[in-house]
Amino acid sequence: MSIADRLAELKITLPPAPKPVAAYIPAVRTGSLVFISGQLPLKDGELLASGPVPSRVSLEEAQAAARQCVLNALAVLAAQVGDDLDRVEQIVRLGVFVCCEAGFTDQPKVGNGASELLQSIFGEKGRHARAAVGSIALPLGATVEVEMIAEVS
Amino acid sequence: MSIADRLAELKITLPPAPKPVAAYIPAVRTGSLVFISGQLPLKDGELLASGPVPSRVSLEEAQAAARQCVLNALAVLAAQVGDDLDRVEQIVRLGVFVCCEAGFTDQPKVGNGASELLQSIFGEKGRHARAAVGSIALPLGATVEVEMIAEVS
Amino acid sequence: MSIADRLAELKITLPPAPKPVAAYIPAVRTGSLVFISGQLPLKDGELLASGPVPSRVSLEEAQAAARQCVLNALAVLAAQVGDDLDRVEQIVRLGVFVCCEAGFTDQPKVGNGASELLQSIFGEKGRHARAAVGSIALPLGATVEVEMIAEVS
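Residue numbers (my numbering), protein chains in the order written: chain Z, 1 to 153; chain X, 1 to 153; chain A, 1 to 153.
Chain Z extracted, bound-state conformation (with noise of 0.2 Å):
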């Protein structure tokens, strides 16, 4: 099945590539790896979640965020694919942001919002290496920042 068919199938329609919210861009491609800036809970031009967890954004919610940043994600590397995903040969790594509080110690859950998206998309191909901490704050606000390396043909 197609990675498109997959999407469609699981109902997920990716959102246009958001832009850069500084002097950066997108994306970078070097060789067959595709460098993703890291991404925010933007949808619509909105955060789905600001402010650290757990008091001020939940568990679920800043695992919500984790999805949403790994759609922006995609909808940046689709557009390094000529849209089509089916190029992607493997995600290599994300890198998960969590704002939060001292003392929080679920981060590996709120990155699972993320990574478990990948998996379901991609199977095999989107099991990926992780590296998931806890930041003071993000920009804009955001509970999560997710970036990612993709291996794509």
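To be clear, the hints were calculated from the coordinates, so they are not data collected in a lab.
Worth double-checking, as some hints may not be accurate.
Since the list gives no way to pick one copy over another, a pair counts as held whenever it fits inside one copy or between any two copies.
What the hints assert, rightly or not - Derived pair list, reagent style DSBU-like, types lysine-lysine, alpha-carbon separation capped at 35 Å:
id, residue 1, residue 2
1, 11, 43
2, 125, 43
3, 43, 109
4, 19, 43
5, 125, 11
6, 109, 19
We have chain Z; now place chains X and A onto it with these hints.
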């Protein structure tokens, strides 16, 4: 001297490769690069150190934790190269995240617990680029998380 | 115009390549990629800015610090390419860590101090992917740390 002999000389036994604590995989190889997921200072299923430096964990304890993260990363790396660490051409980069309080400035010394071990095992091939930063909170409450990129043959 | 000429036009003199403050090396090359260690805003051995934004350091000061981190990274990169920065094919990725207090949201603007300098020096080849995040504390008390990946020939 082979890396296996060098490990024996250093009286280092690699642990079993740790399982990730969430929906991702321990390592992804792309070309000659292996991206290894962020490793925690788990030993026999327990964290060697948890909570922030310096109020809860000393610099020395954090350094030992960073060293344990690297042992876990090497166990993952060994599994990627058929248990033959002589196939490691170069340790390329470490990302070191140190759970700490505001005002703590010795992240590089914590990171040295990781870096010096790599150099003692791999010699020139163990000398790597590194970014060491503070983090307000890490997965499971760990004091240190270390991710790694290695070049292999 | 060569990059050397462009630097002269911008009246930029690269500093001597900074030594790492710990047991690692300034850069590792693997294939066509150079991974450069996290750089601090050191100038003539002193930090341009220390402590968190915004209570101790202004946005403008943090931007200048980010710019200095890039100058140091370019000094390291120059040493990797025989002092011929025309061999830089692409700046691939920046990681920008900003020491800040909870609630600070302008990490992208701080990062622009780094990104805009690269674009002014390298033009299209200076346009990169980026992740900018907040950090509770950085090495030596620095306000900013920047790591870089570059593609070289």
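Tell me, in ascending order, the numbers of any earlier hints that this structure violates.
The structure breaks none of the hints.
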